[in-house]
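Chains as they are written, first to last, in my numbering: chain Y, 1 to 350; chain S, 1 to 585.
Everything labelled a hint here was simulated from the structure, so no lab data went into it. Heads up, a few of these hints could be off.
To be verified - In silico lysine-lysine, BS3-like type, Cα no more than 30 Å apart, as pairs:
(1) Y:Lys5 <-> S:Lys277
(2) Y:Lys275 <-> S:Lys546
(3) Y:Lys160 <-> S:Lys432
(4) S:Lys546 <-> Y:Lys161
(5) Y:Lys5 <-> S:Lys497
(6) Y:Lys4 <-> S:Lys577
(7) Y:Lys160 <-> S:Lys497
(8) Y:Lys161 <-> S:Lys432
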Amino acid sequence: MSYKKSHFQHPSLKRNELGLTYRDYEGSLSTLCAGCGHDAISAAVVQACHELSLPPHRVAKMSGIGCSSKAPTYFLGQAHGFNSVHGRMPSVATGANMANRDLVYIGMSGDGDTSNIGFGQFAHVIRRQMNMMYIVANNGVYGLTKGQSSATAKMGSTSKKGAVNPLADIDLATIAIDMGATFVARGFSGDTAQLVTLMKAAMAHRGFAFIDIVSPCVTFNNHKGSGYSFDYFREHAELVNMSDFIPIREDILVEVPENEVREVILHDGSMIRLKHVAHEHDETNRLDALSALHKAHHDDTVLTGLLYVDPNAEDMHDVLGTAARPLNDLTEKELCPGMSILDSINNGFR
Amino acid sequence: MDKTDTLHAKHFEKVVDCQYACPAHTPVPEYIRLIAEGRYTEAYMVNWYSNVFPGILGRVCDRPCEPACRRTRIDEPVAICRLKRVAADQRDEDISEWIPDVPAVKNGRKIALIGAGPASLTVARDLAPKGYILDIYDREKAAGGFIRTQIPAFRLPESVLNEEVNRVLDMDVNQIFSHEITSLKGLLEKDYDAIFVGTGAPLGRDLNVPGRYDCEDKIHIGIDWLANVSFGHFDSIAKNVIVLGGGNTAMDCCRTAKRLGGTDVKVVVRSSFDDMKASPWEKEDAIHEGVDLLCHHVPKRFIVEDGRLVAMAFELVNSVYNEAGRRTLESTGEPEVIIPCDEVLIAVGQDTAFPWIERDVGLEFNQWGQPTLNEETLQSSIPNVFFGGDAAFGPKNIITAVAHGHQAAKGIDAFLSKVSIEKQGFKLVSQKMGVHDWSYPNFIDETMRHAVPIVDLQTALRNLSMEVELGFDERTAAQEALRCLNCDVHTVFEDDKCIECNSCVDICPMDCINFLPNKDELPLRASLRVPAMNARQDLLVSGHLKTGMVMVKDEDVCLHCGLCAERCPTNAWDMQKFVSLETYF
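So that you can see chain Y by itself, here it is in the shape it has in the complex (with noise of 0.2 Å):
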């Protein structure tokens, strides 16, 4: 077996502002199965890190349990990363987030993780509106445990053996809009330069970014009957808008928007532009979008592309009042600061 890829690299490769090619910010070679989805988010994420030229020291990749949630080791080997409990991943990237909030969070999680073991925290760190890019990578079924249907296999399709599923299904686009997400979106792994667009706006958005990104698994549900495979999504799939992903550093001036476009400034200055192909609904209203994938689940269509966004969001740090600089900056002194404070602390509840 081939357990290494060549550090040879392409002699015209681009370099990004740190002098970085993408191949600098892979990770191990994976061991997912040949074909997994989630190998092409993880060529994603590569890509959209080296685009947004971010140091990959200043990345940490959080995960919980499933071939999902192994994924991270595929990407950003330079990253600070921490795989932990099955669903439990919201709660450590909150501890991370609370202890240095300058660093950029990928959570990495798939729909058992979210869905189900982890459905109560994935609320909860919604509701906390925790600055992250938190991506699941779905594919219905537990590919872990050969096969098993997951909570958002779509109710009534069938598993690789013929098990019909007779659950209703979670769409966790819709869940994540319901609880305050501010940056919602639905991707494919088969259609990377929308899904490093995706991520790009989503890293660059301060709040809560959720992607759910159809990950066809080759091993257990791209079967005929199956709700989430290749030929499923590309049949079942509506694009709600192409989205382009324009850099602060760039000139935004120099292309005159077409009428039918829409422009969204990003937390940092960047702008997502977007342009609609099948759907009206505005981006910026929660309601809008809440119908629209409400209908397109009723209509048994996959609408994808960026779905919601809230220009305007606040993330958990704003929202808790906590210090500018991250708790691991502060030194014993400020976090110590003696017994006066300490006392007037406690006068104030007297």
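Go by the hints and put chain S onto chain Y.
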């Protein structure tokens, strides 16, 4: 772009850069794998079938394979030529069981081979197993042609030369040596069914500048001087030597002069250093041995005082290139340079010579005085007369002569059997052994090219016949062999199996693979992940896939590591070895 034609060999051949840069199409990756496995005799035989002289070529080949090696585009080329020598050095002593049988009962057809150089010897080797009666003629007393007369022993030991030449002669070839053919007419009147002319380019060019004939015993034509050294007629040279010319013959002249007593040896050329015709490694070897290389000096006259050669005068020039890249030499206007010398070797080129071919015999010559030939069969305007080697199209090199020999042998055989030459096909053999296992070493070795050890300089210069290069030892050879990228193991793509999951795109270390809407070639090349700017390397383009996109692979820097095929969930990619079914016997 149209879907790539994978039913014919062309696309696959072009991917194996080394093999198809070799005029004789030696299956380079195949023999390198055999060397890596320690199967030296088989590696030698793979060479012998294609290029007849592995031991010789492993030392003195012009190695067009190496600049072509895919690895040059990422790193440094594999030391292909020196690995060939390893196969020759390490093989079994007795290889007779591998040599094709020569029938005792002949087929009744008789061939004359004129000149016993590499071209004629190759024709002999290819035709002997078919039962042809072969008479080989040479004016010298031994076979080998210019390999024997021009290449000094410190680059090619006589024992290696004799062994490989004799292996061919021992295939029942009648040797008529020390016999110069002086008339084609006379030869045509004999009972030969076909005649092959492999007389080389035996005429060294002269330099007609003032003083050339004022001191003839100290001014020599390079190739004639080398031949005289080779046959032991000359065993010394003056102290201050000028070699004129910048080709490989000039390099052999200067290095030989160094060994015969030349203490101050200068190679003086008209061109720039980079434009010199000599192979880069031959220039390096000469410089290493203390030879001065002076560029941009145009010889003006020999200076002879009291009948004694004392110096040469040169004009200084610059190379000026026009927009088309054509070079002219322009005088710098500086005063002429006088370089003292006692002896001069002129190595400014060589030409073919056909004084023995009567002009009324019916053989057509072109405007350059070369015979008009069929480019495939090398048949001349006299149907049973064929040409090859330097005699065919002017001076090239040994490996080209071998390739001509193969072509002419096929041409002669087809002509006399009255059949047409059919190009043999090819097959593609999957190398898959298991989900992640391949039957070739797909791990990419990232080490640099290994240098060949050489004899200590002082020792080397003291002995004319001491071979300078020592060759790789087995261990280094095995390491160097693993640097080969196995370009003959192709990435074969089957359109209808692909589900467009992008796994191959993501895993490819060299960003070769793309899925995108089809376009014309130029815009398609420009829109790849990494634009395919090396136009000499082809694209592999699939038919339209399910989503309407096409798969486009830029062959330029593919490492043939097989990761695309390992990552493919549907076996749309496979690693398959290209095997040409062309044979010589």
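Status of each hint after checking the structure:
no., hint, verdict
1, Y:Lys5 <-> S:Lys277, "violated, 40 Å"
2, Y:Lys275 <-> S:Lys546, "holds, 25 Å"
3, Y:Lys160 <-> S:Lys432, "holds, 27 Å"
4, S:Lys546 <-> Y:Lys161, "holds, 26 Å"
5, Y:Lys5 <-> S:Lys497, "holds, 24 Å"
6, Y:Lys4 <-> S:Lys577, "holds, 22 Å"
7, Y:Lys160 <-> S:Lys497, "holds, 20 Å"
8, Y:Lys161 <-> S:Lys432, "holds, 29 Å"
Comparing the model with each numbered hint stated earlier shows that hint 1 is the single one that does not hold.
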